[in-house]
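Novice: Residues per chain, in single letters:
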Amino acid sequence: MKNDIVLAGVGGQGILTIAAIVAQAAVSRGLNVKQSEVHGMAQRGGSVSAHLRLSSAAIQSDLIPAGSADVVLGMELMEALRQAPCLGPQGVLIANAVSICNIEQYPEEEALLAELRRAPRHLIIDAESLAKQAGSARAANMVLLGALANCLDLDQELLSDSMAKFFASKGEQVQQTNLAAFRAGAACRASA
Amino acid sequence: MSIRLLLGDEALAQAALDAGVSGCYAYPGTPSTEIMEYFQSSPEAARRNVQRSWSSNEKVAMEEALGMSYAGKRSLVCMKHVGLNVAADAFVNSAITGSHGGLLVAVADDPSMHSSQNEQDSRFYAQFAMLPCLEPSSQQEAYDMVSYAFELSESQRVPVLFRLTTRLSHSRANVRLSREKSPERELSEPEDARRFILLPGIARQNYARLCDQQADFAAASASSPFNCYIDADDKRYGIICCGLAYNYVQEAFAEQCPYPLLKVCQYPLPQAELQKLFKECEQIMVVEEGMPFIEQQLRGPLANPRIKGRLSGDLPRVGELNPRLLSQAFKLPLAQIAPESELLRQRPPRLCDGCPHTNTYEALNEARQQFPQAKVFGDIGCYTLGALPPHKAIASCLDMGASISMAKGAADAGLQQAIAVIGDSTFTHSGMTGLLDAVWQDSPITVIIVDNDTTGMTGGQDSMGSGGRLDDICKGIGVNPEQLKVIVPLPKNHRENVQTITEALAHQGLSVIIARRECVQTLRKKVKRA
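Quick mapping for you: the protein sequence lines, in order, are chains U and A. Residue numbering for the first sequence follows the numbering used here, starting at 154 and increasing by one per position. Residue numbering for the second sequence follows the numbering used here, starting at 555 and increasing by one per position.
Same shape as in the complex, but just chain U (with noise of 0.2 Å):
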């Protein structure tokens, strides 16, 4: 098996968590994996992408071959689409349909939305309404993360747990409330 996994968005939207959780579930499966991450400069609120493989066989490069993405997971519109020609032929394009609108002249929602869903398989989710249903506006990136685990060839509940086990220490109403992001997410289907 093979995923290999483009996450873009805005630094400090927590796209390392997300990476960190997937990559510990792989590993516990004995699967190898390469996360490729973004530190320093780049951080501060501006454009961040990090590559995520996991195989059961080696790996090469740490950086995921442009136009062979299984999946790239935009957690802001315009970085959804900044990542999405990373994408292979049958690769799924997920989108939180948010926008992060630091810069001036950031363009128009629609439009953005309407380039996106010229993604062949494409799923654009309200991440943080979803969220709020399950308990916390907090939780969007586990709605986004169960979103992801339909693309991924690791179990669901491997994913979940592994979830469960990052968020430890933070106590049983947290870990209940993702739990229930991460199920709406992951209820959630991509156009086919």
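To be clear, the hints were calculated from the coordinates, so they are not data collected in a lab. Predicted, not measured: the structure shown is a model, and the values here were computed from it. Glycine residues also receive a C-beta, built at the ideal position from the N, C-alpha and C atoms. Among the hints, a few may not be true.
As the list claims (entries may be wrong) - Below are the PhoX-like pairs computed for lysine-lysine, each with C-alpha atoms no more than 25 Å apart in a straight line:
#  : chain 1 : residue 1 : chain 2 : residue 2
1  : A       : K1082     : U       : K318
2  : U       : K323      : A       : K885
3  : A       : K1082     : U       : K323
4  : A       : K946      : A       : K1046
5  : A       : K735      : A       : K789
6  : A       : K1082     : A       : K1029
7  : A       : K1079     : A       : K1029
8  : U       : K323      : U       : K285
9  : A       : K1039     : U       : K318
10 : A       : K1039     : A       : K929
11 : A       : K789      : A       : K830
12 : U       : K285      : U       : K318
13 : U       : K323      : A       : K1079
14 : A       : K1029     : A       : K1039
15 : U       : K318      : U       : K155
16 : A       : K929      : A       : K946
17 : A       : K1082     : U       : K285
18 : A       : K789      : A       : K885
19 : A       : K1080     : U       : K318
As the list claims (entries may be wrong) - Partial pick of chain U residues on the chain A-facing surface, computed with a CB cut under 8 Å:
#  : residue
20 : A176
21 : N185
22 : H192
23 : I277
Position chain A relative to chain U; hints supplied.
Specialist: Frame of chain U; chain A shown alone:
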């Protein structure tokens, strides 16, 4: 045997612990910072009381590490590539003294300049200092190489340069840890201890010996477990892969490279294998992350047309490599890529909401309006982002500490209202000596030390000025206490701060303003922990 998911930086750090290192010395710098941070969060390092405090700058760190080596223990010094410029005096001369306890100089290069001002390649420094250099191709190799590197350093009695690049430093992978742990070394006297005294008479002998040792370094490369020749039938190309570049080649060819391949992870280059590649293959493709270090040597001044790589145009001259660039170079089928959307806008990094630097720049920009010639010389840190909108406040950013010295030089030339903006950590790294010059001549410059009580850009490490010590440091350097002001950059203090800065700009001599308020990121972390 345990398997852990580690960054390249972390793999190196854990390997050094497993190899019985007694001290890690470093100044934070992307992408090397996580090596020291691993030491600082490691329970094992705490239990063993391994030395693991940040140093003032890379030169100091290098000298501290050499001191530990002199005393017979294994030591590690870490820095980013431009940090080696700061440490260069100590580094180059440490090749002449040699080392005693194993000494690794880990330098993380940043091709594509993700968080740096150039993409210099540290292999040039190893060659310049005539020292062996190791360059892992993977996180596992970064781990496996460390104990080998310490042994190499001890058997050859020289420091070894350990080169990393961003994609290895900041990428995680499964790393199999060794079961064997090496104990820390006891104090011991170096043999021939006089070699550490670089009087010309001794240095000449040492240098001659270093020249003689080059053959030994070459022999070590030739028998290195990290260099290998992988033969193949199609001799139209022979490929030289340096470090991480090996992975991109393997990825591009789906691990079935049809051409002979020489994987180089230890320098100097293994000569016999290089000759074999040259003899048997029509063209040589040199694939290296960073600058065309090997390619330039092979190509020579006559631009040998058999040599392909970044200089021939087969690969881009600048920036990081990736698998697609290799596919292009070897004319392999390329995946279709959709064109980039025209809707996209650049999203550069910016100062955080609530950042004290924002308030400082707002006050400075207002104060300087009365002085049309005023120029602000910037420095290295988050506050370099003051160059971008909305502040557009700074005119230069060169290297650590340059703000003060450049402001003084500009004032020497007659530029009125030369202003330096420098962070607290950058100030104790390399700003204090420049300030000493300005004090000596009472230069008419205004130095604004933006003191957020941390090294912010790299994630919030302590600096030597942490804890409000800068006032005393400035006074100690000789700044007139009447011309030393402290402001608190908050919106509510704006008027008062504009006034203080205006007075400083009008003063016909040196004035220093410390703009003091804690970094919002470190404050947030503290609140979270509490």
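Novice: With reference to the structure, classify each hint as holding or not holding.
Specialist: To see whether the hints hold, each was checked on the structure:
{"no.": "1", "hint": "A/K1082 / U/K318", "result": "holds, 19 Å"}
{"no.": "2", "hint": "U/K323 / A/K885", "result": "violated, 52 Å"}
{"no.": "3", "hint": "A/K1082 / U/K323", "result": "holds, 12 Å"}
{"no.": "4", "hint": "A/K946 / A/K1046", "result": "holds, 22 Å"}
{"no.": "5", "hint": "A/K735 / A/K789", "result": "violated, 44 Å"}
{"no.": "6", "hint": "A/K1082 / A/K1029", "result": "violated, 35 Å"}
{"no.": "7", "hint": "A/K1079 / A/K1029", "result": "violated, 32 Å"}
{"no.": "8", "hint": "U/K323 / U/K285", "result": "holds, 18 Å"}
{"no.": "9", "hint": "A/K1039 / U/K318", "result": "violated, 49 Å"}
{"no.": "10", "hint": "A/K1039 / A/K929", "result": "holds, 20 Å"}
{"no.": "11", "hint": "A/K789 / A/K830", "result": "holds, 11 Å"}
{"no.": "12", "hint": "U/K285 / U/K318", "result": "holds, 22 Å"}
{"no.": "13", "hint": "U/K323 / A/K1079", "result": "holds, 16 Å"}
{"no.": "14", "hint": "A/K1029 / A/K1039", "result": "holds, 11 Å"}
{"no.": "15", "hint": "U/K318 / U/K155", "result": "holds, 24 Å"}
{"no.": "16", "hint": "A/K929 / A/K946", "result": "holds, 11 Å"}
{"no.": "17", "hint": "A/K1082 / U/K285", "result": "holds, 22 Å"}
{"no.": "18", "hint": "A/K789 / A/K885", "result": "holds, 16 Å"}
{"no.": "19", "hint": "A/K1080 / U/K318", "result": "holds, 23 Å"}
{"no.": "20", "hint": "A176", "result": "holds, 6 Å"}
{"no.": "21", "hint": "N185", "result": "holds, 6 Å"}
{"no.": "22", "hint": "H192", "result": "holds, 6 Å"}
{"no.": "23", "hint": "I277", "result": "violated, 15 Å"}
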